[in-house]
Amino acid sequence: MDLSVTLSGVKLQNPVIPASGCFGYGQEFRAFYDIDMLGSFSCKGTTLEPRFGNELPRVAECASGMLNAVGLQNPGIHAVIAEELPRLKEHFHQPLIANISGFALEEYTQCCEMISQCEQVGIIELNISCPNVHGGGMAFGVCPKSAAEVTAACKKVSAKPLYVKLSPNVTDICEIARACEAAGADGLSLINTLLGMRIDLKARKPVLANKFGGLSGPAIFPVALRMVYQVFGAVKIPIMGMGGVSNARDVIEMMLAGAGAVQVGAANLVNPYVCKEIIEELPAVMQQLDITSLKDIIGGAHT
Amino acid sequence: MQITDFAVVKNEQIARDVFELQLSIVNYQLSIAPGQFVNLQIDGFYLRRPISICGWDGETLTLIYKIVGQGTARLAQYEAGETINALVGLGNGYTPVQAERPLLLGGGVGVPPLYYLAKELAKAGQKPIAVLGFKCADESFYEDHFRALCETVVMTEDGSHGQEGFVTHAMPGINYDAIYACGPEAMLRAIYEQAKELPPGHTQLSFERRMGCGFGACMVCSCKTVTGYKRICKEGPVLTKEEIIWT
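Going down the list, the protein sequences come from chains A and B.
Each step along the first sequence adds one to the number in our numbering, with nothing skipped, and position 166 is 797.
Each step along the second sequence adds one to the number in our numbering, with nothing skipped, and position 138 is 141.
This is chain A alone, in the form it adopts within the complex:
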C-alpha cells in the first residue's frame, strides 16, 4: 500500500492534511495524537500584523455543517516565525503548508517572502478566499485579474511552491484557476468556505456578529468535489482538494475528482482524532477498492 503523494516536488507520506483555520499551529492536537503522522498541515491563516478578528458570536451551526466568521485571528507573521515554528519543530518533521493572507498586495508579498525563508515550510498557500474579512481576503480571489496579480507578485518573492486557495463564491472557478496558473501558481487549493448565514428566530437577527460566515462541513462536500473535478479539467497544475472531507472514502473520492492531496477542515473540530483515523483507515479502504497506490487514482474519475 503506497499512501505517499508528491505536490510540486514536495513528497508527503500521505495525502491527509488538516486545513487552515481548523488546526491552529498544531499544538492543540498534540494533546490527542502524534501529529507527525500527517502528510502535512496547513497552518492558521497568517497576516503581517497580529489580528483579533471579528466580534462574537463567530460560529453558527446548520444541518451537517457549521458557519464561522473568525476573521483571521492570528498572532502575525513575526510571532509565527519567532515562536510557533520553533515550537512546532520539536514535534512535526513533515513539510508544513504555510497559509498566508493579507489586505494589500504588499502584505501578501512580505508574508510570502518571510515565510518562504523558513526551512520547515514546504508549500505556501496563498489565501485569497477568506470570506470573513473586509477589504482583503476574498476580494482578491473573486476576480481573475486581481487573483493573477497577487499570484504573480508572490511567486516572484517565494522560494517555495506557491498554491493559491480559491473561493467557491464565484461565477466560474475555472476562470480564476486558469488566471492563477497563467500567473505562475505552482498549484491550487480548493475550496474555501461558502458564504452563508443563520438568523436567530427569537432575536430576529443574524446569529453571527459579522452577519455572514463561511459554511463548512459535510454539507459542502458535493460542491467541493464538483469544483475540484471542474478545475482539474481546466488546469495542469496540482490541486489540494478540500471541503467537507470527513473520512477515508471522502479522501479517495476527492482524489478521483482530481485532488493530488486532500485537506480536512471542520471535521477536526468535531473529532480531534479524525485525521489520525482517516490515515489509519485508508489502507483497508484502498484494499477494498483495489487501489495499491494513491498516486495512481488522482483524477481517475475523468477517463
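The set of hints was computed from the structure by calculation and includes no laboratory data.
Where hints are given, some of them may not hold.
[As the list claims (entries may be wrong)] Keeping only pairs whose Cα atoms sit at most 16 Å apart, straight-line, the calculated EDC-like set for lysine to aspartate or glutamate is: (1) B:Lys69 / B:Glu15; (2) B:Lys233 / A:Glu686; (3) B:Lys227 / A:Glu686.
Everything numeric in this text was worked out from a predicted model, so none of it was measured.
With chain A held as given, fit chain B onto it using these hints.
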C-alpha cells in the same frame, strides 16, 4: 483532554427546562477539575455542545443543562442506557485559593459548576457560602444539595422563592475573602463592579460563549484580556478579575 463514550445513567428534569444528566464510565482514569466542561456529541447535530461539570466522583459524571435550543432539546430525550460521546477535561477551571470564607455566586445554569467547587472546597476544610440566583421558584434547583455542604442563600428575581433580587443584592451582607462565580454575563459584570477589593486571583469568574471545537483550535470563542487574547474554551472559561476587559 480525552474523548470517550459514556453511558447515560439518568436524565431527569429537575426544574423548568433544566435537566440533570448522569453519565457513567468504567475503568477509565479521568482528571476533571471544578469549572471545567465537557463537549457532548448530540445525535443529529454537527457541533458538540459544551456543558459545565456539576460533579465527578471517579465513576459518575453529573451535568446540569437547560433546554435553550434544538441541541439541548434533543439531549433531553436521551434515555438511560444510551451512549453519548464526550470530550472531557476541557478548559481552565477554578483555581482554589487559600481563603477562610469563599463566596460562591451562581446564576441559573451557572450554579452547577459551583456545586462541584463547593464540594472540593469543603473537602479541603474551607467554609464556603453559596448564593444561588434564579429567575423564579420553578427554575430553582440544587438548593438542598448546597445546604448539605455549606451555608446557602437563594435569591429569585421575582421573589417567588428565597429572597427577592439578584445574587449581588446578597453580597453586602456577607463577609468573604474570595469569590467564585458563574452565570450570565450581566451578573458577572455586576459582581465585578460590586465585589470588594480582594488580592489578585481571589475573584474568579467563569464565562460562557458559543464554541466550535472546545479545545482551542477554531478561535471562535476568543476574548480580549489585559494579558492578551484568550480563548474561553482553553485559557478560560474561568478568568480572574484582574485580567478581564469588558466590551
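Each hint tested on the structure:
1. B:Lys69 / B:Glu15: holds, 11 Å
2. B:Lys233 / A:Glu686: holds, 14 Å
3. B:Lys227 / A:Glu686: holds, 10 Å
In this structure, every one of the numbered hints holds.
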